[in-house]
Each structure stands twice: as C-alpha cells, then as structure tokens.
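Protein chains: 4
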Amino acid sequence: MCGVFGIFDHPEAANLTYLGLHALQHRGQESAGVVSNDGGTLHGVRAMGHVRKIFTREVLAQLPGRIAIGHVRYTTAGGSLVKNVQPLSAQYRGRSIAVAHNGNLVDEDVLREELEAQGAIFATMSDTEVVLQLMARSGRAAVVDQLIDALGRIRGAYSLVFTTEDKLIAVRDPHGFRPLVLGRLRSESGAWVVASETCAFDLIEADFVRDVAPGEILVIDAAGPRSVMVPPAPRRFCVFEHVYFARPDSVLDGVSVYEARIAMGEQLASEHPADADMVVPVPDSGVVAAMGFARRSGIAFELGLIRNHYVGRTFIEPMDSIRHFGVRLKLNAVPKLLAGKRVVIVDDSIVRGTTARKIVRLVRNAGAREVHVRISSPPVDGPCHYGIDTPTRAELVASGQTVGAIAAAIEADSLGYLSPDGLRAAVRQTPGFSYCDACFTGEYPVQPTRPVGRRQLRLVEV
Amino acid sequence: MCGVFGIFDHPEAANLTYLGLHALQHRGQESAGVVSNDGGTLHGVRAMGHVRKIFTREVLAQLPGRIAIGHVRYTTAGGSLVKNVQPLSAQYRGRSIAVAHNGNLVDEDVLREELEAQGAIFATMSDTEVVLQLMARSGRAAVVDQLIDALGRIRGAYSLVFTTEDKLIAVRDPHGFRPLVLGRLRSESGAWVVASETCAFDLIEADFVRDVAPGEILVIDAAGPRSVMVPPAPRRFCVFEHVYFARPDSVLDGVSVYEARIAMGEQLASEHPADADMVVPVPDSGVVAAMGFARRSGIAFELGLIRNHYVGRTFIEPMDSIRHFGVRLKLNAVPKLLAGKRVVIVDDSIVRGTTARKIVRLVRNAGAREVHVRISSPPVDGPCHYGIDTPTRAELVASGQTVGAIAAAIEADSLGYLSPDGLRAAVRQTPGFSYCDACFTGEYPVQPTRPVGRRQLRLVEV
Amino acid sequence: MCGVFGIFDHPEAANLTYLGLHALQHRGQESAGVVSNDGGTLHGVRAMGHVRKIFTREVLAQLPGRIAIGHVRYTTAGGSLVKNVQPLSAQYRGRSIAVAHNGNLVDEDVLREELEAQGAIFATMSDTEVVLQLMARSGRAAVVDQLIDALGRIRGAYSLVFTTEDKLIAVRDPHGFRPLVLGRLRSESGAWVVASETCAFDLIEADFVRDVAPGEILVIDAAGPRSVMVPPAPRRFCVFEHVYFARPDSVLDGVSVYEARIAMGEQLASEHPADADMVVPVPDSGVVAAMGFARRSGIAFELGLIRNHYVGRTFIEPMDSIRHFGVRLKLNAVPKLLAGKRVVIVDDSIVRGTTARKIVRLVRNAGAREVHVRISSPPVDGPCHYGIDTPTRAELVASGQTVGAIAAAIEADSLGYLSPDGLRAAVRQTPGFSYCDACFTGEYPVQPTRPVGRRQLRLVEV
Amino acid sequence: MCGVFGIFDHPEAANLTYLGLHALQHRGQESAGVVSNDGGTLHGVRAMGHVRKIFTREVLAQLPGRIAIGHVRYTTAGGSLVKNVQPLSAQYRGRSIAVAHNGNLVDEDVLREELEAQGAIFATMSDTEVVLQLMARSGRAAVVDQLIDALGRIRGAYSLVFTTEDKLIAVRDPHGFRPLVLGRLRSESGAWVVASETCAFDLIEADFVRDVAPGEILVIDAAGPRSVMVPPAPRRFCVFEHVYFARPDSVLDGVSVYEARIAMGEQLASEHPADADMVVPVPDSGVVAAMGFARRSGIAFELGLIRNHYVGRTFIEPMDSIRHFGVRLKLNAVPKLLAGKRVVIVDDSIVRGTTARKIVRLVRNAGAREVHVRISSPPVDGPCHYGIDTPTRAELVASGQTVGAIAAAIEADSLGYLSPDGLRAAVRQTPGFSYCDACFTGEYPVQPTRPVGRRQLRLVEV
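Protein chains in written order, with my numbering: chain A, 1 to 462; chain B, 1 to 462; chain C, 1 to 462; chain D, 1 to 462.
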C-alpha cells in the first residue's frame, strides 16, 4: 500500500507535493518522501514518519524546482525496515531520475538475478530499482524509449511517477491494478498533477481531468501532456481499493468510493439480514457500509462504538500489565445505548479475527443481548501479489474455515460476508471492466514465474 | 477545559492514571501531568503535549505508589503559557499535597490579594494555588477540616482531586458545574477511581458507582470512602458538556451524552426543518446531532464531509502561500455525493463564524445547490466564567447579531439554532435539576465580585 | 554548584544572559534558566540540559525586557530530580519577583518548619524559596527592606541575583563563600552585569568593575547601583573555587585562578617531589597544576593522557558487556610516550578513588614503569554544607585512611597531597582574608542547628 | 576526512564497532554508520550526527552478526548533503556487500561516465559506489578477484573496509595516502580489527599488530588473515595526518603523532625564534606543537587561551546582533596572564585567516604587548585531491601572498611557518618513505585526467 503524487511546472512544486501527500496519508503512514527537480538536479528528502512531521518549513525550503514527485508508504517487513523509502533516485547515462512506485512487480526475483548476472549492483531491496536498471540497460537514448523497453520486461501491478530532466512521467500497468489520476490546478498556473486518488486534487484545488489509462505512459513537459500506450490487457482494478484502501471522497476509474461502500452495505443487508435493534459500525472503516446496511434494512444506525482519536498506530502500552486493554484504547462501547439490545456490527473485513473477537466482547460487555457481525467483502483466504501486505494464509482466520467456524472464533451470534457477486455489483463490475479479486477467488491475473515465498532480506536498513 | 482523574490503592496507580487520562484526552491536549503518592512522598511529571507522548514506559516507572492523580488541560493564554501545568503540588505544615483542578474560581483575584497581604507567595498564576494557600492558613489540623475551611472561602466551578498522606480526596462545587464521577475497578483490587467522565472507567474496566454530588467532599483512605457535604446550592451542571465537551460514550449526572445529542438533533429538526436532500454532519463534532436531525426529518444522513485523521491541532502550514488551504487540510467534501443537492450541514456551535463560512463554501464548491446550516445549541453571546475559554464578546459572531445576519456572514442559504428550551428538553432539565446556560442566557449563577477582565499575567512561563 | 548572572537595562537582556550562562556552563550542566523582566512582568524559561540546547532563537524571542537574570545548575539528587530548576519566580504582595541562587542555606529545615507553621505553602524543595517566603512575611513595603529582614534570618552560603519591578539586586553572604562580581558593558549601553565569575564578562565584552562584597546588597535601578551592607563576618571564600570549580581565566576576589593553580602545582612539587621522567596531567582538571609541578620540579610536562572531546557527562554505554571500558571512553594514554617511563600524574582531587585507580592502571598498561600521583589539594574527608555536593563521608576514599592506604587503594607507586598550608599560600591567604576549608579541616564557619542528614524529599519532580 | 573501522568474528561486533567509531569521532562528526554482517545478511544504520547520539542501545540491538564495519564522516558539500552517508551497501551477483571508505578517487568522473555508458545506475554521488560497480562488472567469481580487477582501474587515495559473505577485507591504496592499521583484541576472542588509527585499538583493548601496507588487500575469514599485494608505488602518506587530522595518541606508519608534533614545534622554534615572554597554544589544535616550541626556545608555556568545552561545531548564535562575538564563544583569553606580555601564539595551520585574526585581536585586547604567530606547517596554497576538503585557492589566505602580507592580514607582530624541510624532518621522512605534501608543494603524486572542478551535484539528499 502506497500513495504517489507528481506535479509539473509550479513555482511551489514541493509545497504542493507535500499537500498532495498529506491527502494521501491514509495510503501509508510509515514513511514519506519528496524529490524535487530543479533544472535536472534532483533534491530529495525521505524519512520514516508522517508527512506533517517530516516536511517542516525548513525541509521544504531545501526542495527547489518546478517539478516534484512524492510518495507515502506502509512498509511491510515487520520489525526491521527494508531500505526502500521512496521516491528512489539514481543517476545513469548522465541523467538523474527519480521514481515513486505504488504496486508490486511479480518476477522481481527473476529479473534481479538476470540483471546481477550482467554486472548490475542494487542499492536497495526494492522492486522499483529493477525498473531503473532495465531502463539504464536499454540501448535507446530517449527516456521514454528506455521506459517502453523496461515495461516490456516487467509484469505485475504498478502506478509509477517519474521525474527526469524537464519531464514528469506517469505510468500505469496494463491491467490497471492500482489507481492513478490526472488533474490540473485551477489557479492560473494550470500546473499538471498526478496522484493515486482524486482526494489529493480536492485539497490543492485541482480539477480532475481523467484517469491515467491502464497501459498508458503519460509524458508531461513544456509541450504539454502526451501519451504512449503499451499493449492492452484485461482491466483488473483492485476491488479492495473500494472496500477499504481508498478514501471515501475519492472517485477511482469512474466509481465513487463512497457510493460503492453504501452499495456494499445495502447488498450485504439484502444477503445477510439480521433481526436486530441497531446497526453499529466499527469506526472508521465500517461507517459508510453500515449506513448502507441501515438504509436497506431499515434498522436504526447508531454510533455504538466511539473511536479514541488520540491513539495512533504507534501506540505502545507502557507496561506489560496493561497490554490486555488492547482494543479498548482505540474503541469504547456506549453502554447506555447498547444495553439489552440486539446489535449488528459492520466492518469492511476480518483478517486474523483477533480484533473482531475483541470488538464482539466489548459490545457484549456493554450489555448487548445479541451481536451479529456483517462484513462488506468476501472472506479473504489468499495472499495479494499486487502490492497489499496480507498475512500468510495460515494467519488468515478465513483460510479453510467455514463461516460458522469463523463466527464461533469471533464469538458472534451470527456472521455474514458480502458475496463476491454482491461486491461486484456494488462496484459496478461490467463485462468490459472487471476487478482483481484474486485474494478471495484465487484467480490471479498475473502469475509469478516462481512460487512466492517471503523474500529473504539481504540488505536490512534499521 | 480540563480533565481530572484519581485512583486509590492499586499497585499500578500511575499506569492506570495514564490510561484514565488517555480516555480524557479530548478534554485537553495541551499539557498533562500525573502525581503519584508513595507513602506520603509525591512524585510528579508534568509536560506540554499529549498523554501518550509524555508518559513513556521510562517516565511511568518513576512514579511509584498506590495512589495517583492526573490532569489534562487545554491552556488558554495564547502564545505564551502560564506556569500552571497541573497537578499542582506543594508542601505545607509538613504535609505534601497535590491537586488536579477542573473549573474556574471567581474572585480568585480578590482572594489572591488578601492572601498576599498576609505574606503568602504564589509560585503560579493558577487559581488552584489559592485553594492550597487557604488550606495552609486554616487553623485546623486535619486536612479535611482545612479543606472545608478553604471551600468556605471560594466560589465558582471546581471539580478537584487531591492526594496527601494516605488519602485520595474528590471535591465538587455546590452547583456541580463540572462533572465528576466515582467508580471501582472490576478486578480483585477493587481500587476506587474518580474521573471527569465515565468513559475513563470503561477503558480501565471499572464500574460506575455514582456521580460525586455537588457540594460533596469524598475522602477515600484505607477505611474506604466517606463523605462530608458542604451547604447545598441550586444544580447548575454546564449544558455545554452535553453539547460538545464530553465524549458521547459518557453518562454525566445520569444523562447519556449520546442520547442527549440525538435528542438535540431531533429537536433541532422540529424547530428548524429544511427542505433538503441530505443531512451532512461536520465531523466529528456534529455527527450525533446530525443523526438525530436525519431521524426526525426523514432526510438521508450522508457523510458528505470527510475528516483527514492525520491533521492534529498543531498542524502548521509550512509555507505562507499555502496557508489559504485552511479548513481543506482537515475536511474534504465528497463531490460525487453533493453535486446538485440541497444539503443540511449540522454542527454543535458557531464561534467566530470563519470556519463555518469555509465549510459552507467547501460544500458549495463541491456542487451543492443549497446549503442550510443547523446548530444543535443556541447562539453563544457571552463569556463563560466557569472554566471554558471563550473568545471575547467582540469576536463571537452571534454577539449582537440577528440570525439572519449570521446566516449572511457564513454565506448559508438558511441558518437555524436550537432554542434554549429545545436544548433544555434534550438534556432533560427538570425543575429540580437545571443547567448552567449563562453563555447564551446571561444568567450567571455565581457573579464575580469585580468585573472580569482578561487577567494580567505577571509570571509567564514559556 | 551553580552559576548566576544578571543584567540591567539592555535591549537584548535575555540574549546577553544567554551568553553569560554559556560562559558559566562549567558551573552546572544539568539545567539552566532565564527570567526576563519586561516592565514588571516576568517571563521565564527553565529546562534540563545545556544552555545552547535550551535557548534557541525561538525561545529567546519570548523573553522580552531590559532586565534579565539566569542560572545554571548541577542537580544533586541522583536519579530523580528535585523540582528546583532556577531561577525561581513568585508573586507576593502584588509584586513579581525572580531569584537565582548559588550556595546553600544551613537551617533551611528549621526555617521551613517555622514558615509552614505560619501557613506558608512551599511549591519546591529548594532553600531559595525560603528566602522569598521570609521576604513576603516582612512587615515592610520596600523590597530592599524585605530583603534585609530575610537576610537577618538566614545563614550559610549564598550569592543571589534578584529581579523585581524595575530593579536588579545582587546579594552576597557575609562570609563571601561563593563568588559574585560586578561589571559593565563596554558598549555605549553601559549596562550593568553581575555574574559568578569574570569569565562571563570577557565573553560579552564587559569590564570587570569589582567583586560584590561579602554582606553587600547591591541594588541597581535607573538611579544606578547603590549598596546596603549587612553586618560583616570573617571572610570565608571557598578555596575549592580555586582548586577546581572556577574557570582558569577567572579572577575571583582579586586572585587569578590560573595563577593560583600554577602556584598549587609548584608548591606540590616542593612538598612531594618525585624522581620521574615526565609530569602528565589528568585533562582538563589537572593541567594548570601539572604545569606548575613541571616548572618547579624541572621534569618534562607531557600530555600523556588524551581526552576524548566527544564524550559528554551523559555518555551511556549502550551495552552492559562494554560498560567495563569505563574511563577509557574519556581518556586514552599515549603508549609511545609512556612506555618504560616513570610518570607523575597530577590531578586536582580524589573523591571516591575509583577513577584515580582506573587512570593509574591505564597509564601502567600503556607501559609506564612507575606511576606517582600528586594531588593539588589536601585530602577531603568531610562534607560541604555550603553548596557543593560531596559524597557521604563513607564514600570518600580519604575518610579515615592514611595516605599510604589511599596510595595502595589507587595502586599508585606513591601519592602526595598538597598540604593545607601549601594550598593557603597558593591562594594567597592573609590574616585578613582566610578561606573556607572546612571539607579538609573540619572547621565549619557556619554550623547547622540540627545535624545534617540527607534531606528527605517529599516532592519529587521527574 | 573520514574514519573507518572493521571487526571480524566477535559476538558483539556492532558494539565494538560503535566503540571504535567513538575513538575515531575526531575524523568526522557529521554522520556515522555501522553495517553488521549476520551470516551474509547485512544490517545497516547510517545517520547524521555524532556516534553516541545515533547508536543507542536500541539501535545497536538491531545489528546482529559477528562481523561489522563502521564509518564516520565529515561531509563536504556545504548546506545540502550529498546522499553518501557510509558504509555503502549493495547487492550484486547474489552477494551482499558493504564498504566504508576513507579517501578520494581521482578520475571518478571518467569511470562513472564509462560505467553509465555500460548501463550502470548510480544510487549515490559517492566515488565509493564506483568501486562496487567495477567489482560487479568483473568477469571473475571470487570477491577478491573482483576487487583486484576494480583496484586495477582506480587511482587516488583510499583506505577501504569491506564485509561480504563470511569475510572482512581491508584495502589500502598503493601510495598509502591514508592510514589503516590492523589489530587484535586482547580478550580470549582474539577478534581481528582494522581501523584508521591506533587510538581505536587502545579504547577496545586491542593490540596493534601492524599497519596495513600500501597496496595490500588484507582478507580475513575463518582461515585467518591473508594478503594479496597489488603493484607497489612510492610511499605518499599524507603529512597533514600528523599535522592535525590524527589524534596525538595514535601511531601511524611507525611514527607517533605526539612525537611528530613535539618535533614540529621544536623545529619551528629553531626556524622562527621569537623574543617573547610566553608561548600560548591555540587549544586544542596547537597544544602539542606549542609544547615543543616552548621546550626548544626555553620560553614559558602558558595556557593563555581557554577553550569553552560546551561549544560544539553546531553552535548557532541565536540572534544576529550577537553574532559578532564569534570566536569568543569558543576561546577566552586569560587577561591576568597576558597583560603587558610578549606572546607567541602557536597553531597548526591558517586557512582563511579570519579565525587567526580574531585570536590575535583577542590576545591583544587581553593586554598582550606583542603577538607573534607561529604555525607548525608550511603555508597551504593548493587543494587536496586525496580526501581533504580544502577551500578554493581564492579563499586560502596563503595563496599568492607573502608571509609578510599574511602577518599584516591577521594583524600579528610577526608570523613564521614551519618550512617544508622542517616538517619532513619532524615526521622523519626518509628516502624510502616520503610523504604527500602536494597542498604546499604542488607536487601531486596522482594527477586527475581531467581538470578538477567543484563537482556538479545531480542527486542531492537533504
């Protein structure tokens, strides 16, 4: 999970990139980076932490230039951190280049071996570096030609934003797994912007122009934007962007995330009705779907779980003896509301099941008579090869279990998952535009050549 | 605005106080402090910032003892900070004592002059120190007697939690302006706890026992809790605790905050209906009232404004040129949802009117056809003398203006405030239990002897 | 051990105080504070750490006014820190006042009891607060009269700098235990300054005017400086200021610290000659005395021990297993120089003996054939009651031991201490100006009324 | 200017590397890094700042493995920092490798162009990466063979420490420009260590074994150390290591730095005697040479300038108006000592001349009658191509000026520089072992192919 941003030709390019990353912060909170391009010289800042902590006024003042790209990321390797805070920058054939990447290449291992056999050295463990190495080895002179050559070798999910020389380049893989949108500042500058989600445009007062098309190489320079298309492939936009990654105020590939989530909740209510007194979302992930569920079912929507806004992801219990307070630090049930009631809890997904069980207990301890859990997506029982960090199959509570067994595991009185077809309807799948749903159907649009293991890290950056 | 907490007789007193403050963080984010009592020796930590940043494992390890009190505060003096991060600790007549205070004394200036004339020196500009000075000057030996003497001299709003020697003492002023509740840990320790709100009990798995009564001095020591009552006064619980200070999962003086807010929204819909397509709350302050409004009116409830969770109070725009993005950094409108619609925006209050105007514009720019604003409390046009930091009358948009003029100022198509009687009904005012609503009625239950000015600071702590 | 500074009537009073504290940093590295006086309103900053870390440009900008005082301190209570970072500020009888204190009152416990019996509350465990309480209880109106009354009650060592209203006030106790000097800026401002040592004047380009006299109350306001004298007492300037507290570039009570240390080394060489190949100082404490020793003895002066400048007091070994490297982190011997040589190591004092033993071993391991230790002061075997934090008698290696036994304990081939008379000669004691040398003679000029124990802390600030 | 360290086969390899870097901190204070090797997986930490700030207990705990290398550096590009905090780590041909580099390659630009033409991408602007790229392109399988191939292509100054697979490899260029020494832990582990200077061995209780020879590739693995020699070249050890880079307690290529500095001072006194009352060193750089000067001249050695130990390199004057205090913040003259005296000031070098002029003024303002400056090295009037960051020729005060003109510029009564022959004698130059002294003789042992400009940065890391 990552977010990318780019801007072409604005005197405050780095500042607007900062704002864009700010709006994309939900796509990655572990690290962030900005590279500005000042007449071909690249100036970069990358650090662990939140956008607003890293990019102080002093730091931004050191990022000159009218072009900039940015990246937010959620690093996956637990504990120690792979050395790949992005954007990645490099120099080859006299050219300085930087790239921000959202997605995941399959066969990165195969390509890396091949490149290393040719004498390449890798400074990072990131698959993004493979793209740059392939470009550097292209026999052709123009950066766009080098990029076309490189894209001919890679497979998988990628939305890439480059800057080099006098250009901003945005690329989306032929399946269109990850979102990427083009916009333009409303101000007289008319600067072009690209971003992972439209919510970044709203913040900086840019108009949405269009989605970057799957397979498109969009080159923006002083002559304006122009496109090169690589050979097409079936559309496979990640359905989980709608389920939970994207912000509800974004519109992705023509579909409003908010509307999709309302529709998921409505569909869920039709598929798995419940005889209950109230519908309570798990905040904030389940709120919009819960509204849909309440509308369709006619059951009252109540905020029976209150989120503590002052707990970040990094909250560490200071003493072992109070660690068991667990989910309570983030959520509190409203006893007056729940006491004696039959409650439907709505959330977007269940991963390991431990949090779900804690929430069920929390609601029951607050006095609820019955607790019914409804999930606005199908059970996930396979890994994602396209950029989402999922636990191993063994850790997934849905893996190889019946819904009844899962309900028992999380101690719910009943449990219902949205069906795959229900989800497809909610996100308006059409014959011409289908989604990637490999993680619950097992139908992977792009297969890795070698079986995928947890990668063995050889270069670990603390 | 402050939050207080206290615990008696638990081996991890400071850790549980930390958790309690965590649950009360919404009552003050500027500073926090904990004082633990280890056999009469007081160990204190006070610092600027959020509870979870200040109280690391290492810091908590330095707070031994089975009794502890804590405090979160929102400091009022703009720019420089008065030296009164709490709890306040002191030594007098060989006794060490610490106190955490929520509220505001009237006549603090008069008492301070009197005490200074007697040779008292004040280490802080806090009115809390006046209480300790009065206790030190009591002729009596027992701390409870000293406290009774001191309370006989002070007027205003106060919920106080003390620790000294082997005791935890909780005090609430005779009018009961500010909340204070008593609970008991469910675990075998059965430790007694007091807190500003019941939500602190939920977090630490304590049962609510009862409200500390207005005028009650509750002393807890090895012999258990016992009470002394000072002469009674009319109940004057601050109605704005229900409107916006308290967390919706708290129950204060017998009234559920959540239910009160739903009722405010319902009442508001009855008083000021709107012909509209959707009800949209300002997150998070207007959410519960908006739900009530939607229910009573039958208009669809939609999350048309999305809050950016990664913006704290301390967000500083790094460049002047992007300062005008203002409220956009915190809120984004959902264009797909609002386009062409007639929208009711619900919030809890309007102070200066600048934020309200920005929100109206944001919604209108997202395509809304009409924007109707509904506020779940009456117009505030006077200052609070009882612990709330309100702007001066001149800064209050409602001061001396008609509702029509305010609507024009915030650029709304219509504007409706909940009536005083509507609010009273929502919070279930009865003849025997009326609320303090001085800030919109001008009926101040306790009048300061001298006209209140902005206090002149003589000791400023940076 | 502390350092104090004050300045009267300069537009950058806080900035110059910052510089003054910088020059006095050697007198205390644990905390620092500045209080500026802006027309009677006091603005204060106090924090743990070094002067240059605490007082950033932003912090200094919040300290307006033409008068300022400052303080650096080395806190004594191990582990947890008493809440008495200075300057101390307070309000009494409508007057704001702040004070910085270098020294130690005897009978602080007796006075505190008396004041508490009168209803005083103490916000700190600092003896400085006693002075303010006594001033507040004076029946007289003028602050100087209040001060005279207070000084009539206290005994011990004190160099105090106050600011209140439009005044800067400097006070030195009748014995003159601690240094205090008066100077004047060379610039056209001609602002008056007071400081613990003259080296602070050199930094800010002020001329030394004179020492503040023992028993003098020096009041500086718009009318210029004027003095009030309290009854005199025998001069008892702390001889250890010359041995190791003061900076060698300071001149205290007419005696150059540098010259005094040279003389100590010369005297030491006369009293305890050594048949050796080189004189090696322990850097930096023993350097000047070692130069004197080398001069008088004719033995070569060599820097056989090199100090690592990058180790601060706060150096913490990151792993237990490397803790034994101990003193090596601070000092390294020069093997090429020491191999096969007979070495005289010169230092200013020995406290517990553990560091001395490590240094002897370090030098011997570097190949020295003989290691003779010479100390430029007499053996310290008693506590200081006047402001120096000494270990308990039991921890002092010199307590109740013969010099031979100490030599054996530190593994030196020989050991010589400067005699009391030798030290007196070096610091030019005259019949009319004798020094306090209680810590090695046991003749305490001011005796505490009660036996002194380690104070029991009742208010501990973490 | 950098320092390198490596250790082979110790259970606390990273901890000892931390200590080694600590002892080498004087060779670079801007950044530091450690890479540990845990069975072929490399774990790295690199950061701006001092060793003891970066490597906390927590950080070191994340660096497992029995082999480790480390680096301290002083970055040269003013303001913004090139992205080359070391050690550099990379992966090529399935092998993870890390390297720490002290020195500077000539022709790095030529090699970089050649490598980029072959498709190499560079992640950094560091010449060290060129070495890795050359190794990766070697046709041979063994890392030592790859290294031999790479060294065949590079010229200039380099002391390199690598770790890969199960090996620690130390390399020194054929001229031996920069120091590199081999040692062995005294403890039973007998672990091998390499470092820039012997002072690192003293700290960790390792014995000096020998210098790594110019042109030596020293490979240490489970079979013990073995060496491969590349073709020899004339010895050209940097004479300025003895003048000021190295710590006086180090012994480099058989010469004691301390003894060399004493000899420089003695020689200087013979060449440029002064009729004066005292010899005063600029602390700490001029201390040892001043001792030599005093010995040879018979003039008294006095510490007339006192260094303020609490001013780091990062000291920033908080207010513009006090910036002119300049050098006073670091040094103070001792007025009592200097008044009326004829003073010889000894320092190791003069660069721009501005600091020297300030010191002369400081001493004169303290009352000195005459100020004679003596410098323990010849005038530097050319750049260094071998790893020292010198200002441009235009900034060097000695460039194209007579000594008389320099004396006038720094306002000294007289000025004397040590002659080139005098310096050679002091460092014991022999026909078989001559030093690099290009910066004052203009005789560069290795000439860059292209004229050297200030490199144009294309990738700037903030």
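Hints in this document: simulated from the structure, not taken from any laboratory.
Any given hint might turn out to be false.
BS3-like cross-link-like pairs, simulated, lysine-lysine; straight-line CA separation at most 30 Å [as the list claims (entries may be wrong)]: (1) A:K358 - B:K53; (2) D:K358 - C:K53; (3) B:K53 - D:K358.
Residues of chain C placed beyond 10 Å of chain B at every Cβ, according to the derived structure [claimed, not checked]: (4) R93; (5) G119; (6) A120; (7) A123; (8) Q133; (9) R137; (10) R153; (11) V209; (12) P420.
Glycine is no exception: its CB is placed at the ideal position from the N, C-alpha and C atoms.
Evaluation of the provided hints:
Distance check on the hinted pair: K358 of chain A and K53 of chain B sit about 25 Å apart at the alpha-carbon level, within 30 Å; holds. Distance hint between K358 of chain D and K53 of chain C is fulfilled; the C-alpha atoms sit about 25 Å from each other, no more than 30 Å. The straight-line distance between the Cα atoms of K53 of chain B and K358 of chain D is roughly 45 Å, outside the 30 Å bound, and the hint therefore fails. With a least CB separation of 5 Å from chain B, R93 of chain C falls inside the 10 Å interface cut-off, contrary to its annotation.
Chain B draws G119 of chain C into its interface by the beta-carbon criterion, the shortest separation being 4 Å against a cut-off of 10 Å. Taking the minimum C-beta to C-beta distance to chain B, about 7 Å, the non-interface status of A120 of chain C is violated against the 10 Å cut. Against the 10 Å criterion, A123 of chain C falls within the reach of chain B, whose nearest CB is about 4 Å from its own CB. At roughly 6 Å, the least C-beta separation between Q133 of chain C and chain B is not larger than 10 Å, which violates its mark as non-interface.
Taking the minimum C-beta to C-beta distance to chain B, about 4 Å, the non-interface status of R137 of chain C is violated against the 10 Å cut. Residue placement check: R153 of chain C keeps its beta carbon more than 10 Å from all beta carbons of chain B (closest about 13 Å). Its beta-carbon lying about 31 Å from the closest one in chain B, V209 of chain C satisfies the requirement of being farther than 10 Å from that chain. With a least CB separation of 40 Å from chain B, P420 of chain C remains clear of the 10 Å interface cut-off, as annotated.
Going down the numbered hints, you'll see the structure goes against 3, 4, 5, 6, 7, 8, 9, while the others check out.
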